[in-house]
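Chains as they are written, first to last, in the working numbering: chain A, 1 to 115; chain B, 1 to 114.
These are computed hints drawn from the structure, not numbers from a lab. Incorrect hints may have been included.
In silico lysine-lysine, BS3-like type, Cα no more than 30 angstroms apart, as pairs [stated by the list, open to error]:
| hint | chain 1 | residue 1 | chain 2 | residue 2 |
| --- | --- | --- | --- | --- |
| 1 | B | Lys-111 | B | Lys-57 |
| 2 | B | Lys-111 | B | Lys-71 |
| 3 | B | Lys-57 | B | Lys-101 |
| 4 | A | Lys-9 | B | Lys-111 |
| 5 | B | Lys-57 | B | Lys-17 |
| 6 | B | Lys-57 | A | Lys-9 |
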Amino acid sequence: NAGVTQTPKFQVLKTGQSMTLQCAQDMNHEYMSWYRQDPGMGLRLIHYSVGAGITDQGEVPNGYNVSRSTTEDFPLRLLSAAPSQTSVYFCASSYSGQSLNTEAFFGQGTRLTVV
Amino acid sequence: KNQVEQSPQSLIILEGKNCTLQCNYTVSPFSNLRWYKQDTGRGPVSLTIMTFSENTKSNGRYTATLDADTKQSSLHITASQLSDSASYICVVTILTGGGNKLTFGTGTQLKVEL
Numbered sequence: 001n002a003g004v005t006q007t008p009k010f011q012v013l014k015t016g017q018s019m020t021l022q023c024a025q026d027m028n029h030e031y032m033s034w035y036r037q038d039p040g041m042g043l044r045l046i047h048y049s050v051g052a053g054i055t056d057q058g059e060v061p062n063g064y065n066v067s068r069s070t071t072e073d074f075p076l077r078l079l080s081a082a083p084s085q086t087s088v089y090f091c092a093s094s095y096s097g098q099s100l101n102t103e104a105f106f107g108q109g110t111r112l113t114v115v
Numbered sequence: 001k002n003q004v005e006q007s008p009q010s011l012i013i014l015e016g017k018n019c020t021l022q023c024n025y026t027v028s029p030f031s032n033l034r035w036y037k038q039d040t041g042r043g044p045v046s047l048t049i050m051t052f053s054e055n056t057k058s059n060g061r062y063t064a065t066l067d068a069d070t071k072q073s074s075l076h077i078t079a080s081q082l083s084d085s086a087s088y089i090c091v092v093t094i095l096t097g098g099g100n101k102l103t104f105g106t107g108t109q110l111k112v113e114l
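Excised from the complex, chain A in its bound form (with noise of 0.2 angstroms):
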């Protein structure tokens, strides 16, 4: 039972090179997003996806695309690194969006350093 996986685990990049970071859920879940963890703040939300073909922005979407071509995948692309961009993903995956108490599973992270 994988869960979320996230790839790569670790990533440098140079400034204005592009990447996507990967994720996968095994649970048939709609629900998944993409947030960023940085020192001395909590984690946030850059983009969200409530099932395959819809996405939408989170509190940070700058420089990051998303698509959902399935329920099972939800990649995040950097189109031009940047410094700022340097930090910890996270991806996370629940089975609904819209229900309280549905559980959120949280993948290993990617930690990104861009020089």
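Put chain B on the given structure of chain A with help from the hints.
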């Protein structure tokens, strides 16, 4: 100002001792409150979820309390173990048109020592 404030920022206790972590929130309208445990280098793992009508919930040695009137919550850890060393994050949920919106505290870093 963060809408979810946690204290203390860090804490060191001896194995076997109890401890209590605090969470104050201003997020409104409140739907539920969650406590997560985050081990170093791992993603957060849910410990408890409480709605506004619940004032206590337990998960093994972890007991969360909630006072929705004062907007305060606490997480009590009983008979601490070395494996309890982690960051404990308080999360307040509101239900919006776009689904559940989670507002995260910055966490309390707990270290349990021999």
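- Message: Run through the hints listed earlier and report the numbers of any the structure violates, in increasing order.
- Response: Violated hint: only 6; rest satisfied.
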